[in-house]
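Chain V is already provided as a structure; the job is to place chain G on it using the hints.
Heads up: the sequence lines are chains V and G, in that order.
Be aware that the first sequence starts at -17, since it is given in this note's numbering, and climbs by one per residue.
Be aware that the second sequence starts at -17, since it is given in this note's numbering, and climbs by one per residue.
Because the hints were derived from the structure by calculation, they are not lab data.
A couple of the hints might just be wrong.
Identical copies go unnamed one by one, so any copy, or any two together, can satisfy a pair.
[Unchecked claim] Below, computed lysine to aspartate or glutamate pairings styled on DMTMM-like, alpha-carbon distance capped at 20 Å:
{"hint": "1", "residue 1": "K191", "residue 2": "D111"}
{"hint": "2", "residue 1": "K90", "residue 2": "E71"}
{"hint": "3", "residue 1": "K240", "residue 2": "D169"}
{"hint": "4", "residue 1": "K186", "residue 2": "D111"}
{"hint": "5", "residue 1": "K240", "residue 2": "E228"}
{"hint": "6", "residue 1": "K186", "residue 2": "E199"}
{"hint": "7", "residue 1": "K238", "residue 2": "D209"}
There are 2 protein chains.
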Amino acid sequence: MDISQIQNIVIIGSGNVATQLSLALKSAGKNIIQVFGRKESMAKCLSSKLDVDYITDLKKLKKGADLYVLAIIDDALLDIADHIDLDDELIVHTSGTVCMDVFEGHFKNHGVFYPLQTFSKEKNIDFDDIPICVEANSQESLELLLKLGKELSSTVNEVSSSQRKALHVSAVFACNFANYFYSIAEDLMKDNDLPFDLLHPLIKETAAKLDHHMPNEAQTGPARRNDQKIMNEHLKMLKDYPDYKEIYQLISERIKRKFHK
Amino acid sequence: MDISQIQNIVIIGSGNVATQLSLALKSAGKNIIQVFGRKESMAKCLSSKLDVDYITDLKKLKKGADLYVLAIIDDALLDIADHIDLDDELIVHTSGTVCMDVFEGHFKNHGVFYPLQTFSKEKNIDFDDIPICVEANSQESLELLLKLGKELSSTVNEVSSSQRKALHVSAVFACNFANYFYSIAEDLMKDNDLPFDLLHPLIKETAAKLDHHMPNEAQTGPARRNDQKIMNEHLKMLKDYPDYKEIYQLISERIKRKFHK
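So that you can see chain V by itself, here it is in the shape it has in the complex:
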């Protein structure tokens, strides 16, 4: 491996991340030279979007590309890696939780190229806004991946495996769990004949506030003010929702404890 820039890329995977990432790489002027997918229908679909050949058998993998991107579900990583035969070509996975070391012993040059966003196959995403977290087992590979990241996004960081795991847990709280609270609000509003979109402006303002304030500064609400009277009213209103009442009580207690030491 002796290149100054990654140009020829093989995509291994044909799901949401593989699709969005390979489209972005193509837009950035890279040559996607081959696509692999275990399911022929999906491999075919992605290959036609990219106008490139696909394979469903890893024995037919092209050698000598500048980069192999393994964008598949975590559980399949090791199994797929076992069937890939490379010399010193650089290979990365795109997972938020799997350590870089998973490739130790398999591939001489390896790393991670993790775009921090939720993807769907249908909705094309502007990569410029997506933070990309990279890691590699050599300085040379790291520099190649940082360079590639900068061709796609304005935010590219070197992030270690343990940092990446912390980042992924943080994203679960800030996004998946936040959305669960949106879904509780959806249920309560539906039961009270209120259209959910009444809450859109407030939800967006709560997210937009983070441009100017850290969440710990931005905390508001009855628990933050320690307004027990309103919290009691709310618990009364939740009497028919034991699950949601329990969560209301726990989170309110935790906010009080955090901000009223």
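The following block gives chain G in isolation, referenced to the frame of chain V:
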């Protein structure tokens, strides 16, 4: 009271809601004819923004305005109402939780004018995007308030007291509690030397998704997929954060229960 449109308004209160609402009313061409504040410094500050007289003694309240807006904290509502002497002038409060009935026996014509947004005195807000929830004890007053609401905002709804309470609880989940999860992410990222703004795009995308999907459809993440392996990894990572670990476990269980019946 026999008017087709509200024009002359007295503002009772000088906090965040009073400030933002009275500035919006003035921009919409209304006459703010007087401001009351218990604290002289705050009353003075708001009155100078509106270029109008202020009072700190309710005995000096001007009679005969088309509307009196009581924008004060919930706990002070009844006490202030006791000191207001009106004939048949229309008076509203702006609270998310207090019932309209609080004015029963005090004022012949009364209602609620509740703008659903978080306010701060410094950041001026475009009212056009803010849902306004109105309620009144007569059809005539209701129509006046709906009309006034439409002069400020593109979303004006008649919302009953019990609906308003459900809406307020929903907003606590979707905003205050969501922000608490942002604050957990802030803590985890800080401890791992990661800049919090890496999460901004993901947080904004999670909120923006609601334009096209209801939260119950939009739910993603390890608990939604029932990916126990990743959840175990995350719990291991949270071993030094017993509080956050407990929340991670509870919310993950609830998401699993809700989506994998």
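Taking the hints in turn, this is what the structure says about them:
no. : hint          : result
1   : K191 <-> D111 : both (18 Å within a copy, 16 Å between copies)
2   : K90 <-> E71   : within (8 Å within a copy, 82 Å between copies)
3   : K240 <-> D169 : between (28 Å within a copy, 12 Å between copies)
4   : K186 <-> D111 : both (17 Å within a copy, 11 Å between copies)
5   : K240 <-> E228 : both (18 Å within a copy, 15 Å between copies)
6   : K186 <-> E199 : both (17 Å within a copy, 18 Å between copies)
7   : K238 <-> D209 : within (10 Å within a copy, 32 Å between copies)
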